[in-house]
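Colleague: So the chains spell out like this:
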Amino acid sequence: MFPKGTKRKFSDSGDEPAAGGEDVNQPSSVAVRMLSSYSLQRQSLLDMSLIKLQLCHMLVEPNLCRSVLIANTVRQIQEEMTQDGTWQIMTQALSAANAAAQCSADRLVATEVLCRQTEATQGEQVLKPFPAVGSEGCPAEEEVVVEGEGGVTMSTVSPQAPTSYLPGTFGMDPCWEEENGEDEEEDEDSEECGSGSEEGDSDRLVEDSRTAEQVFGTFEIKNPAPSPDPALEELFSDVDASYYDLDTVLTGMQSAPKMGPYDLLESLSSHGPSPLSSSTSCRSDLNELDHIMEIIVGS
Amino acid sequence: VSNGYLFVQEQTLRFLPLFHILISGKGLIMTKSAQLAPTLLSQMDEEIDTRKINNSFLRDHNYATEADIISTVEFNPTGELLATGDKGGRVVVFQREQESKNQPHRRGEYNVYSTFQSHEPEFDYLKSLEIEEKINKIRWLPQQNAAYFLLSTNDKTVKLWKISERDKRPEGYNLKDEEGRIRDPATITALRVPVLQPMDLMVEATPRRVFSNAHTYHINSISVSNDYETYMSTDDLRINLWNLEITNQSFNIVDIKPANMEELTEVITAAEFHPNQCNTFIYSSSKGSIRLCDMRASALCDNHSKFFEEPEDPSNRSFFSEIISSISDVKFSHSGRYLMTRDYLTVKVWDLNMESKPLETYQVHDYLRSKLCSLYENDCIFDKFECVWNGSDSVIMTGSYNNFFRMFDRNTKRDVTLEASRENSKPRAILKPRKVCVGGKRRKDEISVDSLDFSKKILHTAWHPSENIIAVAATNNLYIFQDKVN
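Chains as they are written, first to last, in the UniProt record's numbering: chain A, 1 to 299; chain F, 1 to 486.
I should point out that these hints are in silico values taken from the structure, not numbers from a laboratory. Be careful, since some hints might not be right.
[Stated by the list, open to error] The following residues of chain F were derived to be distant from chain A, with all beta-carbon distances above 10 Å: (1) K127; (2) H218; (3) L237; (4) T247; (5) T265; (6) T269; (7) H274; (8) S289; (9) S326; (10) T412; (11) K435; (12) K444.
[What the hints assert, rightly or not] Ranges between beta-carbon positions, derived for each pair: (13) I89/A / E263/F: 41 to 51 Å; (14) F307/F / G85/A: 48 to 58 Å; (15) Q88/A / K444/F: 52 to 62 Å; (16) T91/A / P258/F: 50 to 60 Å; (17) E229/F / Q88/A: 32 to 42 Å.
Nothing here was measured: the structure is a model prediction, and the numbers come from that model. All C-beta atoms in this analysis are idealised placements derived from N, C-alpha and C, irrespective of residue type, glycine included.
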């Protein structure tokens, strides 16, 4: 069990003392992996929250309490990322992508997601999708998926982050794709699954991001605010009217709980009790990631 | 001194499901108009098993029709009546059967008394939005004459309904004949006095007041004052005070809307009048705080008299801390000495004289703490569970997932988990306590956290004001349970 304590900041990764009793070299790589995992978790939480804010029911007014709570969560993540310095990275990438946009200046770009692949030596795959903005006047047809530096995906593809709470999606491919069907193949797959996570994460991550691109490539998101910071402010600029000007429906999405990739959620929310995972090796990976998740996000 | 709490005797709670009502709207006789057709189902043969009754009168579906989902449950002050509201804007009122020596086993069964369409869906043309007809809350007024009065509200409009019985009708009009046709006055040669003749009992529901156009945001609570003249309605940002007689005017007593909506970070989630002091009320917020206000202090009660908030536990801090601290329901105890709050994972009892921290904290389903991210993703983390006191304020009850509901005895500190489901509830059978297994080996009767059905949530429960009879709403089904009597 990992020791609990104050969250280590991303910028402090190099300065952290080694965990007691461990080899000096090992904790730093574990620490880096944990930190990168944490930032991926955080990023995916941010994306999820932004999606939730935008996927509103078109016919009925959205629940104000829920929107406020989600917006506060987004704000909290934003503040933390600002302290980390990662927020600036994102906004820079965003403005770079804006410059490449096809819409005119006052009509901001509709959809873009940034995907950067960092060096394998850092041991992390940083995918920084950030849904950029479409102004209220930008009609649906003008939404353009702009190719960023490394391709386009919709949301964070982190095999570690989602699988702790979203098995059945990208990442962990052999293990989870097979999950729904063939029992005979499970043992074999779970071995793959188990061994895969022990090997270099970077290889799997690269592989997984491509899978994720296939899964998410067609998603589009429109954000009513022009830039990250005012995005949060303007969410409530006119709470009674702003949501209803949105005229997007995400491809293949009707409402948040029914998102295609989030198979686990479907089983959680609508179709009766069903076990989260069916193979023990995947379950142990899941538990391991759950542990990481527990510490980082809070148990 | 009460000795009615049988669940103290055996370490488990013993409850008998008296009967299980299926409310799938279409099966009940109801009309769209306020004038009500008789819907008394109590005129049934006594021998019929309630299951058969359900099958013949009501459609039996495995899936829930959206409109039939029960959205509120409330006993009246004597416990004689039980009202439910649903997503389709209907109100169904049940009446407790009179006890009779001939059928002691049917003691206290509730039968349908009245059904009416309280609210209709509306369209806000200005915003191009639908206004849902879902009944958010029902509150009974104390009975002052033969009729019953209740307030029911949807997101925007509160209505006062009068439910009255008619068992006589006048006969022998001079100007109308037996069928109601107007007679030609020239043919009338003699006068008679109309006489009241008995007729079949008819229960009518009529809307007596409509309180509308006072809320920009969605109404989440209504509460009747102890003076029985006023009541308050609460939306996300404002609380309005009404006089029950006056519908074209209401007073705003709390307003937390910021001048700049972009600065909005907190909303009102629930509010209630003090049961004994008509000048005092409380309201809860999405940040986990409760404010007690005294209306004598000022007309606008933006400044609270008391502020209840528990300091956050820094070791439990996460991105979801604020969301799970959001209070979904707040209730005064019957005595007025305590208040109870429900947030996502706990129920807390507060002493009105201690603002710094709650008196008691009860874990409802702490095993969900490690699943918060999933629950955030599927929106379950925003579910608003309600909580209720029993008549003597010694036991509190609240709902959970998988059709489980929990009871906590404040004196013995014992708690129990029960399930409201058709499979587990046969008439006269004792409810078996349930257990959720959080890790390690799962025993035979336990349910693992991963197997919980999050679509089956019990948000609304009600406790009889003086007896141990509880009403539990599970999606579109209403369960009534009573403690076992030896």
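Colleague: Each hint needs a verdict: does it hold in this structure or not?
Modeller: Against the structure, the hints come out as follows:
1. K127: violated, 6 Å
2. H218: violated, 7 Å
3. L237: With a cut-off of 10 Å, L237/F comes too close to chain A, as the shortest Cβ separation is near 8 Å.
4. T247: holds, 23 Å
5. T265: violated, 6 Å
6. T269: Given a closest Cβ separation of 6 Å, the condition is violated.
7. H274: It holds; H274/F is separated from chain A by about 24 Å at its closest Cβ, greater than 10 Å.
8. S289: Holds, since 14 Å exceeds 10 Å.
9. S326: Violated, since 6 Å does not exceed 10 Å.
10. T412: It holds; T412/F is separated from chain A by about 29 Å at its closest Cβ, greater than 10 Å.
11. K435: At about 15 Å from chain A, K435/F clears the 10 Å cut-off, so the statement holds.
12. K444: holds, 16 Å
13. I89/A / E263/F: 41 to 51 Å: violated, 27 Å
14. F307/F / G85/A: 48 to 58 Å: Violated: the Cβ-Cβ distance is about 37 Å, outside 48 to 58 Å.
15. Q88/A / K444/F: 52 to 62 Å: Hint holds: Cβ distance 56 Å, inside 52 to 62 Å.
16. T91/A / P258/F: 50 to 60 Å: violated, 26 Å
17. E229/F / Q88/A: 32 to 42 Å: violated, 59 Å
Hint violations for this structure: numbers 1, 2, 3, 5, 6, 9, 13, 14, 16, 17, all remaining hints satisfied.
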